[in-house]
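**Student:** Given chain A's structure and the hints, the job is docking chain B onto it.
Spelled out, the chains give:
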Amino acid sequence: MSVAMEGFHGRLDIAKRRREFIPALLMKAPLKEDELHIPLQLRFNDRVPMIVSFYEYYRFLDRLVATVLQKDITRLVLVRVKMPAVIPLPRSLLDSRVAIFYDIDTESRELIARGSEHLCVDANFKLYSWSAGDNTFSVRWVSPVGRTLGKEALEEIREVIDTLPAIFEYSAGICHGEYG
Amino acid sequence: MTNLEIKTIEICRSEFLNGVAAGTFIDRLSSKLSKFAERATAGRDDSGFSYYVCSSTLDVQCSGGWLDPAELCKRIHRASRLYCSYSNAMQCASWGFLIRHHLANKADVRNILIAIVDANPFGMSFWEDNLFWGRTGHRITLLHLEMPEHPGYSAPLELPCDGMVIGKCNPAAMLYDYSREIQKVMTRYPQHTLAIPYFEGKMRKGIKRNIGAYSYLPDLYEEYGHLCGADPWVSIARDRSRMPTESKCYLAASIASEGYFCFLPTIADSRSEMSIEGGS
Numbered sequence: 278m279s280v281a282m283e284g285f286h287g288r289l290d291i292a293k294r295r296r297e298f299i300p301a302l303l304m305k306a307p308l309k310e311d312e313l314h315i316p317l318q319l320r321f322n323d324r325v326p327m328i329v330s331f332y333e334y335y336r337f338l339d340r341l342v343a344t345v346l347q348k349d350i351t352r353l354v355l356v357r358v359k360m361p362a363v364i365p366l367p368r369s370l371l372d373s374r375v376a377i378f379y380d381i382d383t384e385s386r387e388l389i390a391r392g393s394e395h396l397c398v399d400a401n402f403k404l405y406s407w408s409a410g411d412n413t414f415s416v417r418w419v420s421p422v423g424r425t426l427g428k429e430a431l432e433e434i435r436e437v438i439d440t441l442p443a444i445f446e447y448s449a450g451i452c453h454g455e456y457g
Numbered sequence: 035m036t037n038l039e040i041k042t043i044e045i046c047r048s049e050f051l052n053g054v055a056a057g058t059f060i061d062r063l064s065s066k067l068s069k070f071a072e073r074a075t076a077g078r079d080d081s082g083f084s085y086y087v088c089s090s091t092l093d094v095q096c097s098g099g100w101l102d103p104a105e106l107c108k109r110i111h112r113a114s115r116l117y118c119s120y121s122n123a124m125q126c127a128s129w130g131f132l133i134r135h136h137l138a139n140k141a142d143v144r145n146i147l148i149a150i151v152d153a154n155p156f157g158m159s160f161w162e163d164n165l166f167w168g169r170t171g172h173r174i175t176l177l178h179l180e181m182p183e184h185p186g187y188s189a190p191l192e193l194p195c196d197g198m199v200i201g202k203c204n205p206a207a208m209l210y211d212y213s214r215e216i217q218k219v220m221t222r223y224p225q226h227t228l229a230i231p232y233f234e235g236k237m238r239k240g241i242k243r244n245i246g247a248y249s250y251l252p253d254l255y256e257e258y259g260h261l262c263g264a265d266p267w268v269s270i271a272r273d274r275s276r277m278p279t280e281s282k283c284y285l286a287a288s289i290a291s292e293g294y295f296c297f298l299p300t301i302a303d304s305r306s307e308m309s310i311e312g313g314s
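First to last, the protein sequences are chains A and B.
In case it helps, this note's numbering puts the first sequence at residues 278 to 457.
In case it helps, this note's numbering puts the second sequence at residues 35 to 314.
Treat the hints with care, since some could be wrong.
[As the list claims (entries may be wrong)] In silico contact screen, one side only, chain A against chain B (beta carbon under 10 Å); selected entries:
| id | residue |
| --- | --- |
| 1 | Asn322 |
| 2 | Tyr332 |
| 3 | Arg391 |
| 4 | Gly410 |
[What the hints assert, rightly or not] Taking lysine to any residue and the SDA-like style, the derived pairs with C-alpha atoms no more than 20 Å apart in a straight line are:
| id | chain 1 | residue 1 | chain 2 | residue 2 |
| --- | --- | --- | --- | --- |
| 5 | A | Lys309 | B | Arg276 |
| 6 | A | Lys309 | B | Trp167 |
| 7 | B | Lys140 | A | Arg391 |
| 8 | B | Lys282 | B | Phe233 |
| 9 | B | Lys140 | A | Val422 |
| 10 | B | Lys69 | B | Gly57 |
| 11 | B | Lys140 | A | Asp372 |
| 12 | B | Lys236 | B | Arg169 |
| 13 | A | Lys348 | A | Arg435 |
[As the list claims (entries may be wrong)] So these bits of chain B aren't anywhere near chain A, every CB distance computed over 10 Å:
| id | residue |
| --- | --- |
| 14 | Glu72 |
| 15 | Arg134 |
| 16 | Gly197 |
| 17 | Glu292 |
| 18 | Gly312 |
Quick caveat, the hints were computed from the structure, so don't treat them as lab data.
Built from N, CA and C at the ideal position, the CB exists for glycine as well.
Looking at chain A on its own, in the form it has when it is part of the complex (with noise of 0.2 Å):
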């Protein structure tokens, strides 16, 4: 099977953060003080910073989403969310073309496999100081019939991935393998 594959990826990147008066939230995690050996077992590396914040993260996910839905440029978006309950999602991401899962890859061979077209946002940020996110992310268009999205499309997804930090690419190529 081929499939055509295109869209952004890149990493958000502290020099390119301006000044911004966000509403301060910092991950409250649910621990006591004597249950501070929990995150010791947790697998996160310290040395990637917390560029973006929740409330950013899900002001992105929402102009993404509310975006690509509005100009109809997808019938199917999957959303990465790792970590639920720190403040409620917004109202696009509960539109029921959108699904969210931890890892959207298993998801996405799914649909491939069914020939369902479909963009994939896949953003693993570092979001609280225990999260093992490393700030990498990617929109990637998902077309198993071989479309590929239009010029106006592309810049519509490019405007709004501009509004992060980031340092980012377009990359397209068709992928071939087995899905089913």
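**Tutor:** Quick look at chain B alone, frame taken from chain A:
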């Protein structure tokens, strides 16, 4: 919407996942969930199944890198050949959002397996008892739901997910909002028996006042605590008012602390298999 048929509800305790290393946790859990898939698919075409795993309590463990749900899903896929995806985004209502996604995008895959996994591997006191909802019970709830054959499912304007009710309440006025949602959905499904989450005394009082007019299953908080998405399925499995030969329609419902909620119309009949570890 035609009701989803309950083929199996299996409830078991999750203590065997507590206090173990990450590797052991994933070995034990993937083995448990894979065996369920083997039983459900035995003698059937596995292309007619999708598998979803969800959890409310495994939050810090996942985002902190202790547990990799992608590895869990890979193991289940290797053992069962079923596609398996994990989500904890909608907390206690995750199972409903996963079913909606399935019905909207894979309506021809008639069998849905859901594992609602609630465990407390680190023994966090928050996940035993807290000010928000009281005591938490931890169970692994394994569901096999089947869509009845329905030619209309291929029609784009008649998606099977249209019968599900999904949304979000204002967390600041959650019980009030939720009661209103219950009233709305029961107008649509007056013949169904409500199976809602378990709440501790004060919360329960407010809800109970608003569901008195409908058929509903009892709150089992005293026995189980709040069950993070598994509660309606335990209630259905425990429903002693249903005769073994009787078909009965239920509205399985969950609500999460951030206000996400779901209602799913289901039906149990004489072929439905239900078990609760330790008996009922």
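**Student:** Tell me, in ascending order, the numbers of any earlier hints that this structure violates.
**Tutor:** 2, 5, 8, 15, 17
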